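Just so you know, we're using UniProt numbering here: the sequence shown kicks off at 1 and counts up by one.
Worth flagging that the hints you see were computed from the coordinates, not collected in a lab. None of these values were measured; they are calculated from a predicted model. Any given hint might turn out to be false.
To be verified - Cβ pair distances, simulated, as ranges: (1) Lys363 x Lys593: 45 to 55 Å; (2) Thr134 x Lys64: 55 to 65 Å; (3) Pro455 x Glu27: 18 to 28 Å; (4) Glu624 x Lys256: 55 to 65 Å; (5) Arg254 x Pro453: 49 to 59 Å; (6) Lys188 x Arg254: 37 to 47 Å; (7) Gln636 x Leu718: 23 to 33 Å.
Unchecked claim - Mimicking DSSO-like on lysine-lysine, the simulated pairs with C-alpha atoms at most 30 Å apart in a straight line are: (8) Lys256 x Lys220; (9) Lys275 x Lys256; (10) Lys47 x Lys188; (11) Lys439 x Lys220; (12) Lys220 x Lys332; (13) Lys500 x Lys439; (14) Lys666 x Lys703; (15) Lys222 x Lys256; (16) Lys47 x Lys222; (17) Lys479 x Lys465; (18) Lys93 x Lys47; (19) Lys47 x Lys197; (20) Lys77 x Lys256; (21) Lys666 x Lys593.
For each residue, glycine too, the CB sits at the ideal point set by N, CA and C.
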Amino acid sequence: MAAMSVIGIDFGNESCYVAVAKAGGIETIANDYSLRGTPSCVAFSPKNRILGVAAKNQMVTNMKNTVFGFKRLLGRKFSDPHVQKELKHFPFKVEQRQDGGIGIRVNYLGEDNVFSPEQITAMLFTKLKDIAATALQTQINDCVISVPSYFTNTERNALLEAAAIAGLNVLRLMNETTATALAYGIYKQDLPAPEEKPRNVVFVDFGHSSLQVAACAFNKGKLRVLATATDPQCGGRDIDMALAEYFCQDFITRYKLDPRKNQRAFLRLLQEVEKLKKQMSANSTRLPLNIECFMEERDVSGDMQRLQMEQLSADTFTRVERTLRALIHNAKLRPEDIHSVEIVGGSTRIPSVKSLIEQVFNKNASTTLNQDEAVSRGCALQCAMLSPAVRVREFSVTDVQPYAVRLAWDAARHDDGDMEVFPAFHAAPFSKMLTFYRKEPFSVSAYYSNQVPYPDSFIGQWHIKDIQATPEGESQKVKLKVRVNIHGIVTVASASLVEKKQECGQNESIEMENASEGNGQAGEAHDAAMDTSGGGGGADGPEGAEDQNDDKKDKSKDKSKKVLVKTIELPIDAQVPGFSQHDLNGFMEQEGKMQAQDRQEKERADARNALEEYVYELRGKLSEGETLHDFVAEDQRNRLVNQLDALEQWLYDEGEDQNRQVYCDKLNELRTEGEPIKQRRLEFELRPGALDDFALTIQLTNKAIDLYKSGDAKYSHLADSDIQKVVEASKNALNWLEGARQTLAHAPRHHPPPHTTHQIRQERQNFESIVNPILNKPKPKEKTPPPANGANPTGDGQPDAPPAPAPTAPSAEQMDVE
């Protein structure tokens with residue numbers, strides 16, 4: 001089973017899906033409520049954490065301690081305008097941490113606790129990991145987690161930190177639209193061959209809180225993302241808000257009630273309008289909205305039609321159209337270049353969204369993929385491909401880095417430099433080599449150079465250490481590998497010092513090298529140059545080749561001179577946004593303690609439930625006319641029923657919150673009384689069958705005795721003395737059986753039975769062990785007369801076989817190959 005533990009997680013703003021790659025294909029895992037979607041909700045109580053479905057179910061009653069929508073807070077600062085806008089949606093308390101980050105304040109185990117969005121996400125991942133482990137009966141380690149394609153470096157790092165806290169090993173953070181594209185492509189048998197023109201497919205993922213579109217080019221066994229377009233602030237929840245706003249106005253006018261002034265009422269209204277929106281997607285008639293005991297103990301009602309919903313959400317639909325048109329522009333495609341448009345995400349079920357898509361792309365929106373599960377299925381496929389544990393069809397995936405990235409550095413001669421390393425929509429994962437000439441340590445910083453949905457364009461700073469001038473006081477050649485890794489994170493992956501030792505003509509060679517390297521950056525020959533050698537051909541390009549090409553180039557300059565190249569890895573000090581390892585270790589430890597607390601609370605609750613269940617079950621069966629009523633003496637029954645009543649009372653008074661052992665002790669005590677009664681009842685049901693089986697065995701034995709007496713050939717070989725033994729045993733067995741039946745018929749039911757089912761079966765076995773060996777004794781074989789005139793000695797009426805030839809070594813054809 002170890003091979004099965006590769007999962008894909010679709011981490012959505014509203015709900016999550018977990019899929020697994022199995023021998024039979026991809027399967028979405030159902031949670032402990034038999035639902036495939038698990039709400040992205042984490043709640044806290046005085047005793048434990050409540051995760052997933054259970055958390056969402058008590059959202060209205062425990063709203064101050066039920067956290068949702070935290071995906072949009074990952075890796076962000078409290079002062080971020082985007083965060084401030086989100087806070088309007090939250091009934092729980094969010095505050096600023098000392099480091100400027102976000103703290104979510106909740107009451108857990110009876111005291112105030114502040115958790116980061118990363119910790120809350122880790123709690124949800126713990127639940128998803130648990131759901132998968134229960135379904136697959138194996139430990140879960142490797143996974144691929146989906147991430148919105150618009151997430152920046154900081155947000156991606158934050159998601160990886162959350163997974164680390166939950167003890168997950170993330171093989172890849174996969175863009176949601178790319179995961180959808182993989183789920184689409186891997187099962188398509190009719191994709192064009194690698195040398196043919198690719199099939200362009202557009203994927204529209206319109207979910208609860210964001211819109212993502214991607215254009216992908218497919219060939220057999222290959223998928224390349226061409227471009228993406230996103231609107232992180234446009235989702236199904238915006239439609240919910242528009243509808244809720246309409247009903248708030250309506251209720252103020254008609255009932256003089258303002259739901260915006262009561263968080264609980266507003267939360268209930270949002271839940272109801274979401275249901276209404278879903279109904280309107282399938283129905284164009286006027287539909288009612290009714291909420292009982294809404295505010296001030298008053299019921300409210302209203303109604304709406306699809307046309308009204310479309311008018312109220314006009315702004316959202318305009319944004320959708322803008323994003324769809326942006327994709328055509330980014331991918332440089334015309335509508336006629338597009339083969340089909342696949343739609344996923346809950347909000348694509350809205351008819352006006354479908355018609356918008358059809359209008360922009362001139363294509364019918366296709367729904368060949370499961371709208372809710374496509375992302376998790378794509379992630380599970382990618383996980384199977386990356387994990388050595390599972391064999392899966394090869395399918396290469398080339399993603400894109402949606403934002404342009406530039407690198408800036410402090411220059412050797414105090415004139416800073418910068419350059420764009422990755423233009424927008426550059427293939428990813430991908431590495432590029434940069435060459436610098438330096439006499440001392442230096443720093444490089446990375447920034448996003450175009451608009452990103454994040455207030456800070458800073459990616460990170462890397463300090464390259466251990467560089468000094470050559471003995472001659474010259475600059476040294478330093479090569480930097482800048483990489484967009486498999487998670488879509490931009491990083492300086494490595495730095496190395498290239499030392500060349502030559503027998504003669506050293507100065508001349510270095511000058512040539514400087515000149516040739518410097519052509520790319522006019523006037524900055526010594527400062528930095530983009531090394532165009534290699535650069536990676538597609539996903540994960542030939543990084544090793546980049547260095548080799550470079551050396552070949554240098555060697556080809558002067559074949560007569562021997563060049564010895566020595567590369568030394570340089571230490572890099574990275575400063576990127578996120579938690580320190582010390583903080584992460586603290587969070588992991590805290591998560592471990594919370595898991596232990598959850599387990600302890602679950603065991604306590606299970607023990608209490610088991611006791612409660614036993615009390616109800618036993619009392620029910622002891623009442624008049626029920627199964628156990630006759631199997632217990634009246635005085636004992638009355639005493640037991642009183643004991644059960646008292647126990648029930650105790651369970652709802654001081655027994656409400658005892659520790660596990662107290663419940664276990666009380667249950668064991670009850671069982672010492674209850675189980676013997678149940679046992680007597682069970683005996684009473686099973687005994688008639690055991691007695692009948694014994695009677696049948698005796699009957700069959702007597703029949704065999706009669707056949708023997710009548711001279712039946714079947715038993716003719718048996719000796720009289722043997723049959724006498726059988727007759728004797730049968731007589732004794734019958735006497736025992738009759739006696740047992742008599743005793744049992746007169747024994748009171750509430751007493752332990754004089755003969756148990758086990759004893760009756762034992763008697764039958766003893767009887768069979770005497771009679772069966774005699775009655776089943778095989779007949780002796782008849783002696784065959786000696787063969788006359790050399791006839792066939794086998795006695796099977798066949799002619800004599802010809803004499804066997806002399807043995808020879810078998811030929812290859814004859815050999816019996818095992």
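Cross-check of the supplied hints:
no. : hint                        : verdict
1   : Lys363 x Lys593: 45 to 55 Å : holds (53 Å)
2   : Thr134 x Lys64: 55 to 65 Å  : violated (30 Å)
3   : Pro455 x Glu27: 18 to 28 Å  : violated (41 Å)
4   : Glu624 x Lys256: 55 to 65 Å : holds (57 Å)
5   : Arg254 x Pro453: 49 to 59 Å : violated (39 Å)
6   : Lys188 x Arg254: 37 to 47 Å : violated (54 Å)
7   : Gln636 x Leu718: 23 to 33 Å : violated (55 Å)
8   : Lys256 x Lys220             : violated (63 Å)
9   : Lys275 x Lys256             : holds (24 Å)
10  : Lys47 x Lys188              : violated (50 Å)
11  : Lys439 x Lys220             : violated (50 Å)
12  : Lys220 x Lys332             : holds (22 Å)
13  : Lys500 x Lys439             : holds (15 Å)
14  : Lys666 x Lys703             : violated (55 Å)
15  : Lys222 x Lys256             : violated (60 Å)
16  : Lys47 x Lys222              : violated (51 Å)
17  : Lys479 x Lys465             : holds (13 Å)
18  : Lys93 x Lys47               : holds (20 Å)
19  : Lys47 x Lys197              : violated (61 Å)
20  : Lys77 x Lys256              : violated (39 Å)
21  : Lys666 x Lys593             : holds (29 Å)
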